[in-house]
Amino acid sequence: MSLLKTTALLPNPCSTTALSSLQCGTLLQSLSNSKSLTQAQQLHALVTTGGTLRHNTYLATKLATCYAACGHMLHAQLIFDQIVLKNSFLWNSMIRGYACNHSPTKSLVLYREMLRFGQKPDNFTYPFVLKACGDLLFRGIGRKVHALVVVGGLEENVYVGNSILSMYFKFGDVAAAQVVFDKMPMRDLTSWNTMVSGCVKNGETVGAFEIFGEMRRVGVVGDGTTLLALLSACGDVMDLKMGKEIHGYVVRNGGNGRVHNGFLVNSVIDMYCNCESISCARKLFEGLIVKDIVSWNSLISGYEKRGDAFEVLELFGRMVEGSAVPDEVTVISVLGACNQISALRLGTSVHSYVVKRGYGVNVAVGTALIGMYANCGSLICACCVFDEMPEKNLAVWTVMVTGFGIHGRGREAVSIFYEMLGTNVTPDEGIFTAVLSACSHSGLVEEGKEIFYKITRVYNVDPGPTHYSCLVDLLGRAGYLDEAYAVIESMKLEPNEDVWTALLSACRLHRNVKLAEISAQKLFELNPNGASGYVCLSNIYAAERRWKDVENVRALVKKSRLKKAPSYSFVELNKMFHQFFVGDTYHKQSDDIYAKLKDLSEQLKKAGYKPDTTSVLYDVEEEIKEKMLWDHSERLALAFALINTAPGTTIRITKNLRVCGDCHTVIKMISKLTDREIIMRDISRFHRFRDGLCSCGGYW
DNA sequence: AGCTGCCGTG
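If you use the UniProt record's numbering, the first sequence corresponds to residues 1 to 700, in order.
It should be emphasised that the hints constitute simulated quantities derived from the structure, not laboratory data.
Bear in mind that the values here come from a model prediction, so they are computed numbers and not experimental data.
Warning: the hint list may mix true and false statements.
Claimed, not checked - Lysine to aspartate or glutamate pairs mimicking EDC-like chemistry, simulated, CA-CA at most 20 Å apart: (1) K449 - D498; (2) K672 - E602; (3) K106 - D81; (4) K356 - E388; (5) K575 - E311; (6) K183 - D173; (7) K672 - D599; (8) K183 - E156; (9) K305 - E328; (10) K283 - E314.
Required output: the full structure, derived from the provided sequences and hints.
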């Protein structure tokens, strides 16, 4: 309804004819469905000019309710405060308004005030009070409200019952929800849907399918919401078979025949992505008559999650060319893709787009930007975005701590970690992992240990396997191998693969064969198919020149058909990506690259370079080993970059694995020899080579 | 006057 039309029908408020309460009330009633603030405000102006509001509880109540329904709680509260005689209708509207507009605390405050005023809560009050308790994870208060519901005899109301279910699911208390559900005298579709989606959200996938089965047995027909939850469940457990069945069900019944433009199809795309069937997702997507923003985002995020960055960028390009306008969600996935392939230039242009469209206020977008800049080697830009963020949640702090960590700036990581503790953000396992890992990359043993022991004592968080692996890594890298081993032995929980891997790689670094054999043994027991443990152990034997043992390990690898992931490096040049594998001769500049490397190796030798061949796995002549080192992918990428960029430009290389020890030495020397800054990102951190030195200071 | 609800950040 347009306001212009409406007001034309009404008497002029400035005229002597006053607007009747009933007229305004009906008008507001219809407006409350339109959820338009401007209409409500104009009407508000209309009635107040008439001088009717102050003394008209009926109208004021209607207006407050209208504002609350629009989600404009500030206006609603102003009017609410003026009303002397508050009826239950008004209280309920306000409690609902706050609960549904991200102010659950205010909702509960008002509920308490309502009780103090002697107003009895009813079946319209409790659903929102319960919602607020659930959102705030107020378990104690939630249970008390549940008790009051029982006392008030409202437990049998289906709306109240459904809200109780939902609240217990938010608490993660599936059993309590089940008990309530079993006792419900009447269940509607929402009750069933709440059960199904509640189970899914709590990881009870089997339970969700059981409820669905029961639902069908008693003849309840599911709707889009049911299917949505089930599709999400299929994705969680990667049950492609069930997913396809539900897809069929969606095609036959779902969305009232709106399958090709309804949102359900997007969830099917998402399901296929989560079931690692990207081709099914793609096929469905391409066949869509109407591709909305969520369709695009579902597929793009699917490619991003599986690490197909180039596919993400291609789809993004297609999207921009077409009519779809990328939104915050799109941008987050695209930034994630830039992050994966260190596409700094592209990431920066996405940042401009973010600014242009005003997406920067979104916390998730800011987080993605910081992550992109940090992972593309531009810590300064990451810091700028971080500093400018008006609202910093846990994810923001975590990504910034991680960013400092991978750049070897442990002190800054620790410092902002403590800065975060000074705010009202509560730390979780994730940020402890980030700060501990930052400590280990910088050799901050004491700081790291202190934080580790604070996890339990001060923050009541139980350290998980990841924290232990960080601590072992921290101690191990710094050479405290026995202490690291003692930590593992003291663990209350079973040490996992990561813990032993951390000890094993520390053993390689400090050449401790005895502990290496222990950790490798544990690693093989935990995962006989993991290749990295075998590779690491054979490296350790090779360093000790125990070729027989190397051979034995390699035989084991062969027998179990384990394959090490092929190592590669790449560089971005004029928005093109050039990828190099070990000993790669496919690049069209291949001859020039090898010539450049030969030239560099000679110059390095004159400067006193002695190759460290311990990382070469094969028992061959020393000379051949040296030659093999010069085939490493990071050197090919570096030579290529040196040939194709102007003197003095910074070179950025990305490698999918850890940089090898000899390459590290060589790149240090080349940075001095060619007077270049070389920024190299490997699997776990950044190395900034300048003037013969590296920012990692030997910790990597 | 209500309860359940697609794609996204560490």
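Here's how the hints hold up against the structure:
1. K449 - D498: holds (18 Å)
2. K672 - E602: holds (15 Å)
3. K106 - D81: holds (14 Å)
4. K356 - E388: holds (16 Å)
5. K575 - E311: Holds. K575 to E311 sits at ~15 Å (cutoff 20 Å).
6. K183 - D173: Distance ~16 Å between K183 and D173 Cα, so the pair holds.
7. K672 - D599: Distance of about 15 Å is within 20 Å: holds.
8. K183 - E156: Holds, at roughly 9 Å.
9. K305 - E328: holds (17 Å)
10. K283 - E314: Holds. K283 to E314 sits at ~16 Å (cutoff 20 Å).
Violated hints: none; the structure is consistent with every hint.
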